[in-house]
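Asker: Below, each chain spelled out in residue letters.
2 protein chains.
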Amino acid sequence: MSGNLPRSTANRLLSRLSPEDFLLLQPNLKWVDLPLRRQLERPNKPIDQIYFLESGFASVVADGSGGRGIEVGLIGREGMTGLSVLMGTDRSPHETFIQSAGEGVRISAGSLRRAMDISRTLHGTLLLYAHAFALQVTNTAMANGRSKIEQRLARWLLMAQDRIGKDEVLLTHELLSLMLGVRRPGVTVALKLLEEAGVLRARRGLISITDRRGLERLADRTYGVAEAEYRRLLG
Amino acid sequence: MSGNLPRSTANRLLSRLSPEDFLLLQPNLKWVDLPLRRQLERPNKPIDQIYFLESGFASVVADGSGGRGIEVGLIGREGMTGLSVLMGTDRSPHETFIQSAGEGVRISAGSLRRAMDISRTLHGTLLLYAHAFALQVTNTAMANGRSKIEQRLARWLLMAQDRIGKDEVLLTHELLSLMLGVRRPGVTVALKLLEEAGVLRARRGLISITDRRGLERLADRTYGVAEAEYRRLLG
DNA sequence: GCATCATTGTCCGCTTTCGTACCGAGTCCG
DNA sequence: CGGACTCGGTACGAAAGCGGACAATGATGC
Chain A
1 MSGNLPRSTA NRLLSRLSPE DFLLLQPNLK WVDLPLRRQL ERPNKPIDQI YFLESGFASV
61 VADGSGGRGI EVGLIGREGM TGLSVLMGTD RSPHETFIQS AGEGVRISAG SLRRAMDISR
121 TLHGTLLLYA HAFALQVTNT AMANGRSKIE QRLARWLLMA QDRIGKDEVL LTHELLSLML
181 GVRRPGVTVA LKLLEEAGVL RARRGLISIT DRRGLERLAD RTYGVAEAEY RRLLG
Chain B
1 MSGNLPRSTA NRLLSRLSPE DFLLLQPNLK WVDLPLRRQL ERPNKPIDQI YFLESGFASV
61 VADGSGGRGI EVGLIGREGM TGLSVLMGTD RSPHETFIQS AGEGVRISAG SLRRAMDISR
121 TLHGTLLLYA HAFALQVTNT AMANGRSKIE QRLARWLLMA QDRIGKDEVL LTHELLSLML
181 GVRRPGVTVA LKLLEEAGVL RARRGLISIT DRRGLERLAD RTYGVAEAEY RRLLG
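Respectively, the protein sequence lines represent chains A and B. According to this note's numbering, the residues represented by the first sequence are 1 to 235, in order. According to this note's numbering, the residues represented by the second sequence are 1 to 235, in order.
Read the hints as simulated data drawn from the structure, not as lab findings. Quick caveat, the model's predicted, so the values are computed rather than measured. Take the hints with a grain of salt, since some may be wrong.
Unchecked claim - Taking lysine-lysine and the DSSO-like style, the derived pairs with C-alpha atoms no more than 30 Å apart in a straight line are: (1) A/45 to A/30; (2) B/148 to A/148; (3) B/166 to B/148; (4) A/192 to A/148; (5) B/148 to A/192; (6) A/166 to A/148; (7) A/148 to B/192; (8) B/30 to B/45; (9) B/166 to B/192.
Take these sequences, add in the hints, and give me the full structure.
Answerer: Structure follows, in structure tokens:
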């Protein structure tokens, strides 16, 4: 399935482009499979491919060195990787990798740069997404600083559900604890609290969200601001 | 002192622009005094002035509502406010206000937009700063998630010192606690630990940094990554 | 079926931080 | 000088989270 040109796309950012801007990219887009753990960006290495996800999602993790890494953002079919390229540089200190397997289309950094040189509206639309992503990161900073594990977990699950579009998230507590930067048993306990509150059911490696509104309530305002801004700008 | 056109500037971003790009902005720049607490951006309100600080610094605070606000970034003479305008929108959900009084130059959002329309290199240089600021925010997210008060405080003081260029920071524990999102006595205790470690002296409303290297060590890798990237891109 | 492994649930003592309160010290102003 | 106010230091019990360990449970492979 890899390698062919896409005719249409589930990526919300791509589908939001004007027909002309999309045609500017299309000849250089390639379908790719995105298996679990596939690295899309490596810390401080030049970015040579940029990915627009069609399904699944990726985590952006800061400072992976020494096991002290922590997730700062999620990217799914609402966005793209390689924001550094939009900003005029070719790398970032973060790592980006697939957290939930899926598919996407990719383009070389060089092709994207050339297309953005030709079309300012293209650059402009992609920058709007970069802005929305930046807000997501500020919300992560806020949640990390002020919220309990339970609320941060609720926020994470909501963001994950937005991106996979299903009620079921496939993930171990271990992985969640790495993303949130907390102890693994801390996740177990917090999940149990959320389950007792009746907003989800947790099975082995699987979390089923049953009451999204309730989950939003439990997230206690750590969720929603960035999402609303995305809709305002690109919805 | 307010209102006159600046001939030269201490703002590192402005002085890094090409002469042509600077001349594009200069006719619309106005000197302004920036007293403590002056609001430079209000949450969700259209930005009409953009500030390039010459001295002092400003805090960017997320979600000021309900006393749950927390600082996500600092801006001084290395940068500018109004990054949303660079990204193609006119507002952000954050509040930006002067934390350490100083001076700066300002330009209307409209004039800046017109100048960026004319010069892509201008837009590009400013976007490099937006990238560096985004890294600062990811570091805040990391520090908030993984570090103790003592280390977050050390990081904050280092960032403040970078911006004021002096060894003395004028601030109450109360204000610091609001910025870091912790209890006020927590700051008192952490400051005492830093003082016992011999890296600073704390007086009433005044912190004097005496051993910057030591402070960097105590910040335990929460400080430095974003700063190095700023130097690589704009230094 | 049985052994093995990954995952989850639970527990311990300890550290960090919290919320709150109170008091002393410094500063300002009449 | 004296009173009012702000700021900083300290204390207390409680909550949250940690590091580490271990047992129970579910999945997987032989």
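Asker: Now tell me, hint by hint, if it's right for this structure.
Answerer: Hint check:
{"no.": "1", "hint": "A/45 to A/30", "in the structure": "22 Å, holds"}
{"no.": "2", "hint": "B/148 to A/148", "in the structure": "15 Å, holds"}
{"no.": "3", "hint": "B/166 to B/148", "in the structure": "25 Å, holds"}
{"no.": "4", "hint": "A/192 to A/148", "in the structure": "14 Å, holds"}
{"no.": "5", "hint": "B/148 to A/192", "in the structure": "27 Å, holds"}
{"no.": "6", "hint": "A/166 to A/148", "in the structure": "25 Å, holds"}
{"no.": "7", "hint": "A/148 to B/192", "in the structure": "27 Å, holds"}
{"no.": "8", "hint": "B/30 to B/45", "in the structure": "22 Å, holds"}
{"no.": "9", "hint": "B/166 to B/192", "in the structure": "21 Å, holds"}
Violated hints for the displayed structure: none, as all numbered hints are satisfied.
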